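K.L.:
Listed here are the chains, written in short residue letters.
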Amino acid sequence: MVKPGSSLRSFWICAAILVVLLFLPPVIPRFYTYILASIFVTSLLAMSLNMVVGYGGLFQFHHAAFYGVGAYTFGLLLTKTHLPMLVAFIAGPIAAALAGLLIGWFCVRLIKLYFAMLQISLGSLLWAIAFRWYSLTGGDDGMHGIPTPSFLFSSTHAYYFILIVFSVCLLLMYLILKSPFGMTLQAIRDNPDRCEAVGVNVRRHQLIGIIIATFFAGVAGVLFVVLEHSVFPDLLFWILSLEVFIMCLLGGWFTFIGPVIGAAIMVSLRTFVGIYTQYWTLILGVLLIFLIFFLPEGIMGFISAKLGSKPVEGIERAVE
Amino acid sequence: MLRVENIYKSFGNFLAVSGAQLTVGRGELVAVIGPNGAGKTTLFNLITGQLKPDRGKVVFKEEDITRLSTHLICRKGIARSFQIANVFPRMTVFGNVQVSVLSQQRQSNSLFRPAYTMAVKETEEILESVGLIEKAHELAGSLSHGDQRILEIAIALGNEPELLILDEPTAGMSPEETRITMDLVRRLAETKGLTILFCEHDMDVVFNVAQSIMVMHHGRTIVQGAPDEVRRNEQVQEAYLGDEDA
Ligand SMILES: Nc1ncnc2c1ncn2[C@@H]1O[C@H](COP(=O)(O)OP(=O)(O)O)[C@@H](O)[C@H]1O
Ligand SMILES: [Mg+2]
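Same order as they appear, the protein sequences are chains G and R. For the first sequence, position 284 matches number 283 in numbering that gives the first Met the number 0, and the numbering has no gaps at all. For the second sequence, position 115 matches number 114 in numbering that gives the first Met the number 0, and the numbering has no gaps at all.
Don't read these hints as lab results, they were simulated from the structure. Be aware that one or more of the hints could be misleading.
Below, computed lysine to aspartate or glutamate pairings styled on EDC-like, alpha-carbon distance capped at 20 Å [stated by the list, open to error]:
1) Lys134(R) <-> Glu124(R)
2) Lys51(R) <-> Glu227(G)
3) Lys177(G) <-> Glu137(R)
4) Lys177(G) <-> Glu133(R)
5) Lys191(R) <-> Asp201(R)
6) Lys79(G) <-> Asp140(G)
7) Lys75(R) <-> Asp192(G)
8) Lys305(G) <-> Glu137(R)
9) Lys191(R) <-> Glu127(R)
10) Lys79(G) <-> Glu227(G)
Chain R is nowhere near these chain G residues, computed Cβ spacing over 12 Å in every case [stated by the list, open to error]:
11) Ser6
12) Phe30
13) Leu85
14) Ala90
15) Ser153
16) Val201
17) Leu226
18) Ile264
19) Phe289
Source: prediction; values computed, not measured. The C-beta atom is built at its ideal place from N, Cα and C for all residues, glycine as well.
Please build the complete structure, drawing on both the sequences and the hints.
P.N.:
Spelled out as structure tokens, the structure:
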């Protein structure tokens, strides 16, 4: 159940932020528009992961693989075919969701770390294909100068496009998490055995959760291409999966908006600290230690616990 | 309604259930008793599909359900509670019951309708009937042990079962809580016409409530019958009542 007051307030806060974001591009330097767009793309990826990690309790350890599938599908269709942009745009997420179905089908048969290990190996297989199939994917160089439609060519237009798609996806994910499906997904996270005993087909439910999450990861992949006009194998590399996972932990994986905070921090760190030193991951390490000791539920988890609107009880069980 | 025929289950070399038999008629309140380790929980897990038997059969409404998976057995009309409080700790009391009502209504996969508008009346009715309605918005994980056990029963009721199975519903409860819980069980059987199968290691709790009692010892069924009959049974006195005096 929701407290109507607090959700109405959140709604107005989101609306206000959206309006501000809509009016930003003319007044801030181009570079910052680019960074913001990059944060939206990464946030979408992190939130899609959090659907299955924070809300689903699954060990989805190679989420970037699906991001990459979305990006490559979109990029390849635009480069090698003359299909309309809309088709390519929809094909990206669908290809990602199909990969999610295929890999997820095996993974939901295992639990916890076994689930994670299988997913890392199957996901790495996709990475290997992108890396090795030189004639199709351009191998480790990837593909550059992908011809996105002309209306997206200016960075301001790309910004608006990404912002709108990001907002729509956010809304959809929110609705899904508040639906009976999302609620049951959280119940499975809390206690899969009990859920099975109330008549829920736990594996199938988890699999559907993975398909939805990988679909949104695919959308994020498409948006990446819209922003960068290129794809490369690093998009499916496990390091990126780890980074996205850390974003969820950092921002707060039991909160809806937490991953956005985590993504904003990571993208900013990489951009602004990464300029001065390639050891920005060192700062990340320190941040993580701080996190583990002081904010075990992440930044948003901490804030909402302070505001008294968020349960903190029972975390041990959920994390187990 | 439910018939367990000569069922066996071993863990490694250890026979936890060896040839147990059980019959539950429609509308009956049946108890399984036996000391700790007798195999009661294992027997219930075999009925509801958490475990698969090595041998033997479980028949529910004349249908063999032995090999069905847990969630399908639940959909046939058998719901259960667990011996160790087994709730959804990060969800509200209301949400805990709602999840099972939604599952019963086949709505668990519905994607875009807001859950908080759904199954509200049914959920509130159940919480009312077990006396948890005032705590509806508390987190399940923050309830007292006794209340969590009651919530367990409420979750099971969400499935509108024909047969309700309760694994030591009063385990770890104070005498007062035990009384309240057994009153609840009896009331559910009477007002909702539910068929209830429960187990207990405490004899006193059982003889007041149950219409039929099955006595288990070392995984075997010693006898099943009316309370008086069971009380008089020599084997029972030897195996069970004797134990308790010692
Ligand atoms: N998963 C398991 N693995 C090994 N032994 C088990 C398992 N579950 C139960 N047992 C053993 O089976 C016996 C019966 O246990 P149980 O059915 O829980 O008894 P009860 O519920 O009557 O106290 C006990 O000796 C217990 O140690
Ligand atoms: Mg037991």
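K.L.:
So, for every hint listed, does it hold in this structure?
P.N.:
Evaluated hints:
With a C-alpha separation of about 13 Å, the suggested pairing of Lys134(R) with Glu124(R) holds against the 20 Å cut-off. Distance check on the hinted pair: Lys51(R) and Glu227(G) sit about 54 Å apart at the alpha-carbon level, beyond 20 Å; violated. About 18 Å separates the Cα atoms of Lys177(G) and Glu137(R), which keeps this hinted pair within 20 Å; it holds. Restraint check for Lys177(G) and Glu133(R): the C-alpha separation of about 23 Å exceeds 20 Å, so the hint is violated.
The straight-line distance between the Cα atoms of Lys191(R) and Asp201(R) is roughly 26 Å, outside the 20 Å bound, and the hint therefore fails. A distance of roughly 17 Å separates the Cα atoms of Lys79(G) and Asp140(G); the hinted pair therefore holds under the 20 Å criterion. Of the pairs offered as hints, the one joining Lys75(R) and Asp192(G) holds, with about 18 Å between alpha carbons and a cut-off of 20 Å not exceeded. Proposed proximity of Lys305(G) and Glu137(R) is supported: the alpha carbons are some 17 Å apart, at most 20 Å.
Our distance criterion of 20 Å between C-alpha atoms is met by Lys191(R) and Glu127(R), whose separation comes to about 14 Å. With a C-alpha separation of about 18 Å, the suggested pair Lys79(G) and Glu227(G) falls inside the 20 Å cut-off, and the hint holds. Not every CB of chain R lies more than 12 Å from the CB of Ser6(G), the least distance being 10 Å, so the non-interface label is violated. Interface exclusion of Phe30(G) from chain R stands, the closest Cβ pair being 38 Å apart, more than 12 Å.
Here Leu85(G) stays apart from chain R, with its beta-carbon at least about 23 Å from theirs, past the 12 Å limit. With a minimum CB-CB distance of about 22 Å to chain R, Ala90(G) clears the 12 Å threshold, and the non-interface call stands. Its beta-carbon lying about 34 Å from the closest one in chain R, Ser153(G) satisfies the requirement of being farther than 12 Å from that chain. Val201(G), annotated as away from the interface, has a beta carbon of chain R within 12 Å; the closest lies near 7 Å.
With a least beta-carbon separation of about 29 Å from chain R, Leu226(G) lies farther than 12 Å from that chain, consistent with its non-interface assignment. Here Ile264(G) stays apart from chain R, with its beta-carbon at least about 25 Å from theirs, past the 12 Å limit. At roughly 24 Å, the least C-beta separation between Phe289(G) and chain R is larger than 12 Å, which holds for a residue marked as non-interface.
Of the hints listed earlier, those the structure fails to meet are numbers 2, 4, 5, 11, 16, in rising order.
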